[in-house]
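Number of protein chains: 2
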Amino acid sequence: MRNIKFTIEYDGTNYVGWQTQPTGPSIQHTLEQGLKQLLQEDVQLIGAGRTDSGVHARGQVANGKTRSGLQPEAIRKGLNALIPDDIVILAAEEVPDSFHARYSARERFYRYNLSLVPTALERRISWYVGGYMLDPEAMDACAAQIVGEHDFSSYCKSEYRGDNFLCTVKSSAWIREPSKLLFEISSNRFLHGMVRALVGTMVEVGRGHRPFEEFKGILEARDRRKAGMAAPARGLFLERVVY
Amino acid sequence: MRNIKFTIEYDGTNYVGWQTQPTGPSIQHTLEQGLKQLLQEDVQLIGAGRTDSGVHARGQVANGKTRSGLQPEAIRKGLNALIPDDIVILAAEEVPDSFHARYSARERFYRYNLSLVPTALERRISWYVGGYMLDPEAMDACAAQIVGEHDFSSYCKSEYRGDNFLCTVKSSAWIREPSKLLFEISSNRFLHGMVRALVGTMVEVGRGHRPFEEFKGILEARDRRKAGMAAPARGLFLERVVY
Chain Y
118 MRNIKFTIEY
128 DGTNYVGWQT
138 QPTGPSIQHT
148 LEQGLKQLLQ
158 EDVQLIGAGR
168 TDSGVHARGQ
178 VANGKTRSGL
188 QPEAIRKGLN
198 ALIPDDIVIL
208 AAEEVPDSFH
218 ARYSARERFY
228 RYNLSLVPTA
238 LERRISWYVG
248 GYMLDPEAMD
258 ACAAQIVGEH
268 DFSSYCKSEY
278 RGDNFLCTVK
288 SSAWIREPSK
298 LLFEISSNRF
308 LHGMVRALVG
318 TMVEVGRGHR
328 PFEEFKGILE
338 ARDRRKAGMA
348 APARGLFLER
358 VVY
Chain S
118 MRNIKFTIEY
128 DGTNYVGWQT
138 QPTGPSIQHT
148 LEQGLKQLLQ
158 EDVQLIGAGR
168 TDSGVHARGQ
178 VANGKTRSGL
188 QPEAIRKGLN
198 ALIPDDIVIL
208 AAEEVPDSFH
218 ARYSARERFY
228 RYNLSLVPTA
238 LERRISWYVG
248 GYMLDPEAMD
258 ACAAQIVGEH
268 DFSSYCKSEY
278 RGDNFLCTVK
288 SSAWIREPSK
298 LLFEISSNRF
308 LHGMVRALVG
318 TMVEVGRGHR
328 PFEEFKGILE
338 ARDRRKAGMA
348 APARGLFLER
358 VVY
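Residue numbers (the working numbering), protein chains in the order written: chain Y, 118 to 360; chain S, 118 to 360.
Just to be clear, a hint being listed does not mean it is correct.
[Unchecked claim] EDC-like cross-link-like pairs, simulated, lysine to aspartate or glutamate; straight-line CA separation at most 20 Å:
#, chain 1, residue 1, chain 2, residue 2
1, Y, Lys-297, S, Glu-239
2, S, Lys-297, Y, Asp-202
3, Y, Lys-194, S, Glu-239
4, Y, Lys-297, S, Asp-202
5, S, Lys-182, S, Glu-210
No lab work stands behind these hints: they were computed from the structure.
This one's a predicted model, so the numbers in the text were calculated from it and none came from an experiment.
Next comes chain Y alone, as it looks inside the complex:
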């Protein structure tokens, strides 16, 4: 069996997320169907990040094992021809058998696209925060505060059943653009719903609805009822995964 690593871009608008669900089309299932058609074989894909419904990716990584002798570049082109145009395989390469897209990942990068003005062209890929004035310095302070190893229980969706809430955030910062604020975060791992809950809570601080001191207390509380509302899925991108 050969192990193939795929790098994938997608517009998540019309999908229930990465992972196969009974409720609608997933990225994983769409790719597996394409691979079955191309290789006449069932290939099970493992994704680096289980992006939620509506979340996008510029560099999702997945791997799957195949008996096919087709060259990775031929698989890439063949698969792109068979899948809908809101998913694109950017790269395909053969990797050692031990490579596991999820467990081998050392660092994942996410970006959240916050629009400060209404936008028609980016309406599917950004969150327009409405007519609020945001205080970028308060938001910068929040972003800086979460760098390092912390228990992120407070920022985890309640349906998470694991018992390890520790994440080591390597970088976390707001980038200012003329009509946007981009939140960029990298970590060894992310909990379910973590980036969206962080962004939603930081926006509440930016709007002045919560003082920064309260934000500091949320992490320490380890209580999922303390964090703010989740920011909408459409502004979130899995940017890349480092191995």
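Let chain Y serve as the given structure and place chain S on it in line with the hints.
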């Protein structure tokens, strides 16, 4: 009557173009319907550029006259609440009665977004030119050649019924980005289909299908059969209009 100037962003994917047509929804008609609902009055809009079906705008300008006493900012917000989210009114302001979005315009800026790699996220707003190697220097030479006043008959769609084909191109250049080529052009006026025919023909030169010398001859020929195929509408943006 007050004269209101609107600056408009839109995703043209689902429209037959700026101008009202019997064949489907237009940007103009959608806005006029919104204004009628908001102001209880028929307002006729004049657009600066008659963008074709599928062409986008980041800064289309239109004006219309109203008896309403509503402040421009209230008209902007009210109209945004009534129109679909693929159109956004960025600004509304009162202008002198003599202001005419089309005739008063001194310079229009268009941009064409050419993708060098397949893209899921920008599939609606770019043209992926396929697996061709493009020669950016040959394309730069073409872009530079059209600066100045020229008769652009060769780059005008055959249904154009006017008799003035002279345009004064003020700037014309390709901007290189990591996985893109952006063509930026400004001119006092544009003929119907001109930017898309220019881009399509320059891409033929970039692919090596036409020598640069032939490109030079097309303008001089003043023959609409000489130019290359039109680039797809989805890559084209009306960026802004200067008065």
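Hints versus structure:
Taking the CA atoms of Lys-297 of chain Y and Glu-239 of chain S, the gap is near 18 Å; set against the 20 Å cutoff, the hint holds. A distance of roughly 18 Å separates the Cα atoms of Lys-297 of chain S and Asp-202 of chain Y; the hinted pair therefore holds under the 20 Å criterion. Straight-line distance between C-alpha atoms of Lys-194 of chain Y and Glu-239 of chain S comes to about 19 Å, which keeps the hinted pair within the 20 Å bound. Our distance criterion of 20 Å between C-alpha atoms is met by Lys-297 of chain Y and Asp-202 of chain S, whose separation comes to about 18 Å.
About 12 Å separates the Cα atoms of Lys-182 of chain S and Glu-210 of chain S, which keeps this hinted pair within 20 Å; it holds.
Checked against the numbered hints given earlier, this structure breaks none of them.
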